[in-house]
Amino acid sequence: MDITAQLTINIFVLTFILFLISYSFSVIFYALKFIDIGHAIALVFGAYVTYFTNIQLDLSLWISIPTSIGFTIVFMLAINQWIYKPLQKRKLESWQMMVISLGLYIVVQNVISLIWGNDSLSLRTWQVKAGHEFLGAYITDVQIITVVVSIVLLVLSWLFLEKTNIGRQIKAVSSNPELSGIFGISRNRAVVWSFILGAGLAACAGILIAADTDMTPTMGFNWLLYAVVAMIIGGMGKMRYLLLGCLLLATAQHLAAYYLDSKWMNATAYIILIAFLYFRPYGFSGKRIKKAEI
Amino acid sequence: MKKKTWFITVTIIAIIALLVLYFINQEKSKTVNIGIVLPLTENVASQGNDVLNGMKMAYADFLEVEKNNLLEFKFIIEDNFSTPKGSRTALEKIIQVSKPMIVLGPITTTDMLSMIPVAESTKTILFSPSASSPKLSNSGKYIFRMGPVAPDQAKVMSNYAYNDLSIKQIGVLYMNDDSGKSHKEAFEKEYKTLGGEIVFEESFDRKDVDFKALILKIKAAKLSSIYIAGTPKTTGHILKEARESNLDVKFISSTGAEGDDLLEIAQNAAEGIVYTSIFVDSTFIAKYKEKHQQNPRIGVVLGYDAMAITLKLLKENPNDKEKLKEALSKLDYQGVSGKTKMLPSGDAFKDIALKTVANGEFVFIK
Chain A
1 MDITAQLTIN IFVLTFILFL ISYSFSVIFY ALKFIDIGHA IALVFGAYVT YFTNIQLDLS
61 LWISIPTSIG FTIVFMLAIN QWIYKPLQKR KLESWQMMVI SLGLYIVVQN VISLIWGNDS
121 LSLRTWQVKA GHEFLGAYIT DVQIITVVVS IVLLVLSWLF LEKTNIGRQI KAVSSNPELS
181 GIFGISRNRA VVWSFILGAG LAACAGILIA ADTDMTPTMG FNWLLYAVVA MIIGGMGKMR
241 YLLLGCLLLA TAQHLAAYYL DSKWMNATAY IILIAFLYFR PYGFSGKRIK KAEI
Chain B
295 MKKKTWFITV TIIAIIALLV LYFINQEKSK TVNIGIVLPL TENVASQGND VLNGMKMAYA
355 DFLEVEKNNL LEFKFIIEDN FSTPKGSRTA LEKIIQVSKP MIVLGPITTT DMLSMIPVAE
415 STKTILFSPS ASSPKLSNSG KYIFRMGPVA PDQAKVMSNY AYNDLSIKQI GVLYMNDDSG
475 KSHKEAFEKE YKTLGGEIVF EESFDRKDVD FKALILKIKA AKLSSIYIAG TPKTTGHILK
535 EARESNLDVK FISSTGAEGD DLLEIAQNAA EGIVYTSIFV DSTFIAKYKE KHQQNPRIGV
595 VLGYDAMAIT LKLLKENPND KEKLKEALSK LDYQGVSGKT KMLPSGDAFK DIALKTVANG
655 EFVFIK
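Order-wise, the sequence lines are chains A and B. Positions 1 to 294 (our numbering) are the ones given, in order, by the first sequence. Positions 295 to 660 (our numbering) are the ones given, in order, by the second sequence.
Be a bit skeptical, because a hint or two may be false.
Derived coverage of chain B by chain A (criterion: at least 3 residues anywhere in the stretch with Cβ under 8 Å from a Cβ of chain A; other residues may be distant) [stated by the list, open to error]:
(1) 297-311
(2) 334-343
(3) 489-501
(4) 509-516
(5) 553-560
Heads up, simulated DSS-like pairs for lysine-lysine below, C-alpha to C-alpha not over 25 Å straight-line [what the hints assert, rightly or not]:
(6) B:Lys475 <-> A:Lys129
(7) A:Lys263 <-> B:Lys635
(8) B:Lys417 <-> A:Lys263
(9) B:Lys417 <-> B:Lys387
By construction, these hints were calculated from the structure, which means they are not laboratory data. Quantities reported herein were computed from a predicted structural model and do not represent experimental measurements. C-beta atoms are modelled at their ideal positions from N, C-alpha and C, and glycine is treated no differently.
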């Protein structure tokens, strides 16, 4: 049993799940320009709809996972269409939008609690067995799937944003909505596609988390907070800075748990956040959040 | 004149008849309210539901035996959401709305501690089927419990671990709340008295589901055996993740391990865990198995006895709370969970048994 190898694997798996969530969050953040706490809904929704279709309706995972991702996307689009969009049209401040999204998240979380209970639910129908040995450490099937799926999804998202026409429009709107409007790029269309991408990725993350450590209605918020911390540490802009932020956060959390106490895992995240805001307020990338200006 | 006498006679007879009917009716519909506060959702829900099922069985059996029972029992069941705050609110609600003769529940020490001030100030008898921390000893005149207390369990478990399993060094994982801490402290004290050594100690939270960091530390500490003081859910997650990272240690625990969640979460990884529990009457096991195709869990058995004791005492003292309290404090009862002898501290003396998980079932170690 090699401790360093096991520690590395644990950090690696956490990094990718964090990266998936923070990336999905940042896509929507750039499009909407406010901290959308409602994004946590997508995470919880993905897991619970999968539970509903897979365990309660007894459909196979191959059907229930795409169904739940689709359902989550539709739900998040509906939230954007009927709640965020009309409110943003009324020129609400970004902090007001954030409070609204927080309220929305609490409502949805409570509805989920009412339907499925506050108890943790499990997607597991497979046997509990020892993981695969890898350099003296052990990694389970779910963890391997988590890493592989995260990498594939992130590469696909990157290709989508860089190589497709819609992707480029999203980037244009994200960096300067007014100017893109002048060039005839529809802001609305870009926001919708950001939601499809962001909600879809978050739903996948939710399902992967639930497969590993079961789901609770409150898990969305906890994970989202880590993702936001990772995003702030990483700084705005390039994907690699985001990855760096996630890696730093995951490493610090696991090292703190190992050398101090496992109860320090949560506190560490916020200590790092405060330290970064104090000494390096724009994260690794050093870039400020771009403000739309003409 | 004649007509008038007749009218008066009829009226008097009618009044007497009405009065007689009223009294008979009153005698028959003498309702006794029994409050029940249990965790029916959230973390310890599986144990809470076990206890409730046991209580229902005891009531059904009581009705079968006592066919001429004139008392009518009304049960007011409240969920405490496995939280101290929920427990207190539930108790306050029951006391205000239905003025119960006795309140049964809750399950955990932490929840019970929050209810004690309310119970004491309103002189409501609180009778827990399972709370086990020594913190509850002598905590009030109206506070009783029949669960096997932590020090008694610790004595049996540390003796078994040290002498029978020859474990001389052990790591301790405990849930960071009153029940977890009380089991941990009691176990460590007894184990050290025997000469054992505690080489590792770490706590976790009631809501934790991810124990990867903890498992890694256990691996690094090269432990061969671990004592867990937790709930079925947290214990289940620890055992599951221990198996997934191929951690080969002997797990021992307390009554806190017994519950459906342990088997559901850990599945085959739960096999072999040894924990302390109570004795269960073999005819009860047979009867339960016939109906439910499985062994009764500790919650069912304790719930059954708590209800059986309550009904028996209420039958003798249906309307005097003080007398009921006196009777409960002098209780010496032989039930399906063996002997329950109430001590002056409000704790009950119970015989402790050792159990394990074999082939997906909780079984006694012979």
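Would you pick out the hints that fail for this structure and give their numbers low to high? Of the numbered hints given earlier, those the structure breaks are 1, 6, 7 and 8, listed in rising order.
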